[in-house]
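*Asks:* Chain by chain, the residues run as shown.
Protein chains: 2
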Amino acid sequence: MNKVNIAIVGATGMVGTTFIKVLEERQFPIENIYFFASAKSKGQKISFMGAEYEIEELTESVFDRDIDIALFSAGGDISKKFAPIAKAKGVVVVDNSSFWRMDPDVPLVVPEVNASDVYNHNGIIANPNCSTIQCVVPLKVLDDAYKIKRIVYSTYQAVSGSGMKGIRDLEQGLLGNPPTNYPHPIANNCLPHIDVFMTGGYTKEEMKMIDETRKILGNPTLKVTATAVRVPVMNAHSVSINVEFENAFDLDDAIDMLSKSPGIIVMNDSPANDYPMPLNVSGTDEVYVGRIRRDESLDHGLNLWVVADNIRKGAATNTVQIAELLLQSR
Amino acid sequence: MNKVNIAIVGATGMVGTTFIKVLEERQFPIENIYFFASAKSKGQKISFMGAEYEIEELTESVFDRDIDIALFSAGGDISKKFAPIAKAKGVVVVDNSSFWRMDPDVPLVVPEVNASDVYNHNGIIANPNCSTIQCVVPLKVLDDAYKIKRIVYSTYQAVSGSGMKGIRDLEQGLLGNPPTNYPHPIANNCLPHIDVFMTGGYTKEEMKMIDETRKILGNPTLKVTATAVRVPVMNAHSVSINVEFENAFDLDDAIDMLSKSPGIIVMNDSPANDYPMPLNVSGTDEVYVGRIRRDESLDHGLNLWVVADNIRKGAATNTVQIAELLLQSR
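Listed in order, the protein sequences are those of chains W and P.
The first sequence begins at 1303 in the numbering used here and counts up by one.
The second sequence begins at 1303 in the numbering used here and counts up by one.
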């Protein structure tokens, strides 16, 4: 495999610093790597594979150099402005913001689900919402087997999903200090409010889960609803998923299929207290599925409890996996 | 209203001590009050309405005195043994344990929902599961108006639901100490495990929510499913409820009806960050409903976020409300 030139945009953020760890861990074949961030981080040092690098300010001209792939995680406004600039200069952008995700010209990719969509890119590929990624990994397996009719999501999302600011609010809140990021305290509380409110009473996070599930599973009319809730957990999102299938299923078969699917770890020995939780999943790259049980209120219904590290599989790892797919196509 | 003689069984527990507060607050018309607990609490002092009382050991003979109503909250084993003894001696038992709830001879009562069931008692009346109580209060209003077809519950339950032991695990866990009550740490974690596992992969807590919802709403075949999760919150349970109706509904009408129903406070101005949360609900007696929005994945679907103090409305307050209904029938 040829080595490539990589740029990290948003190198100082929570996802940006995890890009660096994941690239190292996976021994991504890098020739040159460049780290970009806002002016205030310019000159900061970053260590990568034993060498030291200096963070440069992100400007239009940085993409004039020979960069193959740029991994963006610097917020929607930066992606809106700089992804087209990078793309125009021949860089393939893998973007972790929500800005480009629903653009019909931009593939929205979870490698375990729709890897081949990567190859239809026109210079920008979007990394999905963190909660959505961990749900579609098992749901794709089940959709292929039994055809999904409807999904009800209720999320239990960690504060790391809000970056350093979320972590700070929980840490300080546990010490009795007021929040500066969330509209209410998160310590000792649950906030049924993630991202901004849209028309119809849904939050943007909930609409992302609905719209992105449809796009990734390739079914624009799939029935999906969602309630997204922030809980006082540092890292790793959990989701209670209720799913209705068109077709009959055998529970043991479903569990067996999930167990054998790449990127999924089934922890389903409930009577032995073996089920996924944020604490035992944080720091890993897989999607953990447990509490798998028939929903007797439907002819063909299933309940699942799905946990994943939202910064790794929900963001950095998935983005690097997309970049790996790009390498394979070179 | 005539004054009555009251016994508190389990006077030292979290719910037992809250019985005392709620009886005081509501100026329950008490002639005599007796406090019972296990032998180890015998002789402890309790203050009630400015007077001091001594806790007595619970034995069969304590019910020989003139007691009108006994409020039990000392666990299923105590209720199993002592409720029939009390009943045989003419005491009406209002029991907060799960032991008698599904007995066809025992009414299971939430005063806002099925007050009249109280009057069919044969000496024992059961107080429902805490999570179930807060859900059926708004669901009854909606069921009467639009007829419920199916309910999907996902809970976010506070550690106070496990009593002092749950509180201790969270407090100590936040200091880095291992759990002694839960099978895994609850601090910084979510445990998809409340009460014991049953056949079929459900927990007893989830089965309580399914079975008790049916009994309280008077519909033994109602379609209900549940996922019950413990979250690192000290007090007040939250539930994400997805509900499907048989009949069409107008969203504003539904919100209006909920607002006007006794025992419900609607907090639904989401864009103003006004929604129920454990921190703003803990310590109150009402059921708080917010995030009320149409579920577009169904013809007649609704999502709700419901929060209540599980020790008060979910246990002590509801039990005292049942006792108040008994007074009215005297």
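Just so you know, not all the hints are guaranteed correct.
[Unchecked claim] In silico lysine-lysine, DSSO-like type, Cα no more than 30 Å apart, as pairs:
| hint | chain 1 | residue 1 | chain 2 | residue 2 |
| --- | --- | --- | --- | --- |
| 1 | W | Lys1525 | P | Lys1382 |
| 2 | P | Lys1344 | W | Lys1525 |
| 3 | W | Lys1449 | P | Lys1382 |
| 4 | W | Lys1451 | P | Lys1442 |
| 5 | P | Lys1449 | W | Lys1451 |
| 6 | P | Lys1449 | P | Lys1391 |
| 7 | W | Lys1451 | P | Lys1382 |
| 8 | W | Lys1449 | P | Lys1305 |
| 9 | P | Lys1451 | W | Lys1525 |
| 10 | P | Lys1562 | W | Lys1451 |
| 11 | P | Lys1305 | P | Lys1382 |
| 12 | W | Lys1449 | P | Lys1442 |
| 13 | W | Lys1525 | P | Lys1525 |
| 14 | W | Lys1342 | W | Lys1383 |
| 15 | P | Lys1391 | P | Lys1305 |
| 16 | P | Lys1451 | W | Lys1451 |
| 17 | P | Lys1383 | P | Lys1449 |
| 18 | P | Lys1451 | W | Lys1506 |
Since the hints were made in silico from the structure, they are not lab data.
*Asks:* Compare the structure with each hint and give your call.
*Replies:* Hints, verified against the model:
1. W:Lys1525 with P:Lys1382: violated (46 Å)
2. P:Lys1344 with W:Lys1525: Roughly 58 Å separates the two Cα atoms, so the pair is violated.
3. W:Lys1449 with P:Lys1382: Outside the cut-off at roughly 47 Å; violated.
4. W:Lys1451 with P:Lys1442: holds (28 Å)
5. P:Lys1449 with W:Lys1451: holds (23 Å)
6. P:Lys1449 with P:Lys1391: Not OK: Lys1449 (chain P) and Lys1391 (chain P) at ~41 Å, beyond 30 Å, violated.
7. W:Lys1451 with P:Lys1382: Given that 30 Å is the threshold and the Cα spacing comes to 44 Å, the pair is violated.
8. W:Lys1449 with P:Lys1305: Violated, at roughly 63 Å.
9. P:Lys1451 with W:Lys1525: holds (17 Å)
10. P:Lys1562 with W:Lys1451: violated (36 Å)
11. P:Lys1305 with P:Lys1382: Measuring from Cα to Cα gives roughly 28 Å; hence the hint holds.
12. W:Lys1449 with P:Lys1442: violated (33 Å)
13. W:Lys1525 with P:Lys1525: holds (19 Å)
14. W:Lys1342 with W:Lys1383: holds (19 Å)
15. P:Lys1391 with P:Lys1305: Roughly 19 Å between the alpha carbons, so the hint for Lys1391 (chain P) and Lys1305 (chain P) holds.
16. P:Lys1451 with W:Lys1451: holds (17 Å)
17. P:Lys1383 with P:Lys1449: violated (39 Å)
18. P:Lys1451 with W:Lys1506: holds (28 Å)
Of the numbered hints given earlier, the model fails hints 1, 2, 3, 6, 7, 8, 10, 12 and 17; all others are met.
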